[in-house]
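Q: First to last, the sequence lines map onto chains X and A.
Position in the first sequence (first residue = 1) + 2 = our numbering.
Position in the second sequence (first residue = 1) + 1250 = our numbering.
For the record, the hints were derived by calculation from the structure and aren't laboratory data.
Small disclaimer: the values here were computed from a predicted structure and weren't measured.
Some hints could be false.
As the list claims (entries may be wrong) - A few chain A residues facing chain X, derived, Cβ under 7 Å: (1) 1271; (2) 1278; (3) 1283; (4) 1291; (5) 1323; (6) 1326; (7) 1354.
Idealized CB from N, CA, C, for every residue including glycine.
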Amino acid sequence: MGVPLDDAHARSRTQQIAVLTDPDRLRLLSELAVDATQPLDDLAATSGLDIDIVHEHLDVLSRSGLIEPVPSTAGPRWRLTPEAIVRFGRLLVDTGPRNEPVRARSDHEPREETSPAVLPAAILRVVDQLAYRHDGSFSRETVAAYVAESYALLAEQAHITRHLPSLTSRFAQQRLEALATTTGLVLRGTPEVLFVCVQNAGRSQMAAALLRSLAGGAVHVRTAGSSPASSIDPDVVDALDEIGVPVAAEFPKPLTDEVVQAADVVITMGCGDACPIYPGRRYLDWPVEDPVGLGVEGVRAVRDDIAGRVTALVEELGVLSR
Amino acid sequence: MTAEAEAHPDAQRVSLARADAETLAKTLRAVADPTRLQLLSMIVGSTAGEASVGDMAAQLGLTQPTVSHHLKIMLDDELLVKDQRGRHAWYSVTEARKTAIVDLLR
């Protein structure tokens, strides 16, 4: 006999299932499973429901973690969460001739054998990203196993063809969070701080070097510049050397959307407007003077200014006290 | 359409018709209960794909009549089949429903 679901999971699943005992809600969810690009008016028309009723149902579905908003400029759009796809996907979409029962898998489910070694490149990148993000909490092997399983579960749903890597990433992330909760682990993804200045040759390099030396591996630090110089300012290297802080073997790098998206905290120094804004990230602007051409004394003053701000940031992130 | 046009319905992919939605809603009502989900998880998780009332009641700390009551609801909806062997009744998930039940429990 199998081990029963624990009480908490049994209750949360019951709650989700109970939400779907309403045929109208089921049909709405089914419509979204087939086409997540529909405007709500279309959804109301196909389902024969009043638009206000559609809003109410979508609200309930979203609070139960079954749907989530799709970023769109063309008005509100909703899609199934990865969890909903895995749990209800097969029930909601007819993929073949009608009334043909879905074939049960044999006892030896192939997904158990999906090994991280045979994952497509895009999914391996998801492993890299999540392993990097959680390197304080989970081993790479654990992350890889969860990603592989999440990928297999989603790929099994024959109707999903696109966005499989991003779905896999969100689903694996969710399940790692759940794992952390059940094992009593406080999941704190290692925060990623991005320093941005104009040339990525002075201020951002100093801030990065200071943060790395202060926080060690408790924070991931990256830097970029809105118009990167060709090399780091030697005065900056000297000023840091004086206080025993090494500058990483870095070279000035351009500011790209990817590095901003990967960051939890984005700190700009003198290039605020050039930095793309993404929701869910924290943006700070430090009004720090550009050290270039200030002379040794001036560079030291900038260094000390940045050092004070970095110390305050480390305290605020609370990364050293965990 | 935009690049987000993730889900253009192919000819093969159709949303639920009203009658199907009503049938499915009825089935979901039969499993929308923590104890019944726990019973299903024990049945599905067993090596032979079946479990007896007594074993399940003992595992969950419930009385046999309580467990039988829950099992009957699922039998009535044809989610489960019962195999009486001597003094014990063994319950397993209807073959055609197995994938759906396994999915629900994930």
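Q: The structure should be examined with respect to each hint, and the outcome stated for every one.
A: Checked hints:
1. Interface restraint check for residue 1271/A: the shortest CB-CB distance to chain X comes to about 4 Å, inside 7 Å, so the restraint holds.
2. The restraint placing residue 1278/A at the interface with chain X holds, with a minimum CB-CB distance near 5 Å, inside the 7 Å limit.
3. Evaluation of the residue 1283/A hint against chain X yields a held restraint, the C-beta minimum of about 6 Å falling below 7 Å.
4. Taking 7 Å as the C-beta cut-off, the interface hint given for residue 1291/A holds, the closest approach to chain X being about 4 Å.
5. Interface restraint check for residue 1323/A: the shortest CB-CB distance to chain X comes to about 13 Å, outside 7 Å, so the restraint is violated.
6. Annotation: interface hint on residue 1326/A violated; nearest CB of chain X at approximately 16 Å, more than 7 Å.
7. The beta carbon of residue 1354/A is positioned within 7 Å of a beta carbon in chain X (closest approach about 6 Å), and the interface hint is therefore held.
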